[in-house]
Amino acid sequence: MKTIAVIPARYASTRMPGKPLADVLGKPMIWWVYKAAKACPKLDDVLIATDDDRIAEACKKYDMKYLMTSPDHDTPTGRIWEVSTVEDADLYLQLMGDEPLVNPAAFDLILPDTLPDDPYYVAVLTNIMEHPADVIDFSNQKVVTNAAREILLISRSPIPYPKGTLDFEYEKVTGIQLYSKQALKFYHDTPKSILEKAEENDMMRFIENGHKVHAIVSPYKTVSVDTPKDLALVNEILKEKQHGGYQTAGLHPARRRRGQ
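Its first residue numbered 1, the sequence shown is counted upward by one per residue in this note's numbering.
Calculated directly from the structure, the hints in this document are not laboratory data. None of these values were measured; they are calculated from a predicted model. Do not take every clue at face value.
Claimed, not checked - Quick list of in silico lysine-lysine cross-link-like pairs, DSSO-like style, CA-CA up to 30 Å: (1) 2 - 212; (2) 61 - 241; (3) 35 - 60; (4) 241 - 35; (5) 27 - 61.
Take the sequences, apply the hints, and build the full model.
So this is what it looks like as structure tokens:
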């Protein structure tokens with residue numbers, strides 16, 4: 001079984017252009033994600049998928065493997081599909097390039113020891129949401145699952161609605177997702193589904209078409225860098241971590257997670 005980690009990286013962010021190259025303690029932000037992935041022994045390879053020459057130059061400078069992809073992808077899953085047509089593997093681990101605090105231990109939770117039987121295998125790590133403000137934030141994509149931990153619905157609205165009880169925990173999807181090669185081909189070959197368009201979430205394309213998406217709860221939380229304020233927080237956390245302060249698991253609630 002061969003597993004590749006792919007870090008989709010685009011320069012043209014609406015809120016923070018060029019953020020994969022944002023300075024984090026003297027290194028590009030994407031370098032920290034790449035470094036974390038390289039520390040995982042279950043991964044056979046790690047590469048950055050980008051459509052921008054400036055990111056490619058940074059990859060060369062810091063000796064990070066990369067692949068130039070089309071600028072036409074409107075989701076990270078689409079970019080990973082393109083990688084799958086060039087780099088052969090059984091499984092592709094998606095890591096978002098704007099989460100420099102990602103803990104390599106999280107990868108062990110989602111990476112299987114043997115190849116799953118389902119040829120259309122899809123899985124995602126989720127975090128338990130601890131703050132009410134995060135639950136009503138539409139940037140956080142909430143999930144509900146069945147008893148087998150297969151996702152029934154992903155929504156930016158607070159789901160489930162607490163009409164009868166509050167005896168449950170809200171979960172949200174993270175930027176760590178796993179796809180089989182055939183699942184990526186299905187994604188590319190299948191038109192956007194209705195709920196996918198409404199919620200702007202890639203994985204709804206699988207769910208609406210009858211494919212399972214497995215949700216795995218992770219205790220490892222991170223900070224998604226969407227703004228200069230987020231960037232300042234990440235730098236602060238890493239500085240204190242280097243001096244024996246913050247721990248990346250548990251102390252900082254995961255920030256916003258976009259659909260792409």
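Comparing the hints with the structure gives:
1. Taking the CA atoms of residue 2 and residue 212, the gap is about 21 Å. The hint holds against a cut of 30 Å.
2. Under the criterion of a C-alpha separation no larger than 30 Å, the hint pairing residue 61 with residue 241 is consistent with the structure, at around 26 Å.
3. For the hint linking residue 35 to residue 60, the alpha-carbon distance of about 14 Å falls within 30 Å, and the restraint holds.
4. For the given pair, residue 241 sits about 16 Å from residue 35 by alpha-carbon distance, which is consistent with the 30 Å threshold.
5. Of the supplied pair hints, the one linking residue 27 and residue 61 holds, its CA atoms being roughly 11 Å apart against a limit of 30 Å.
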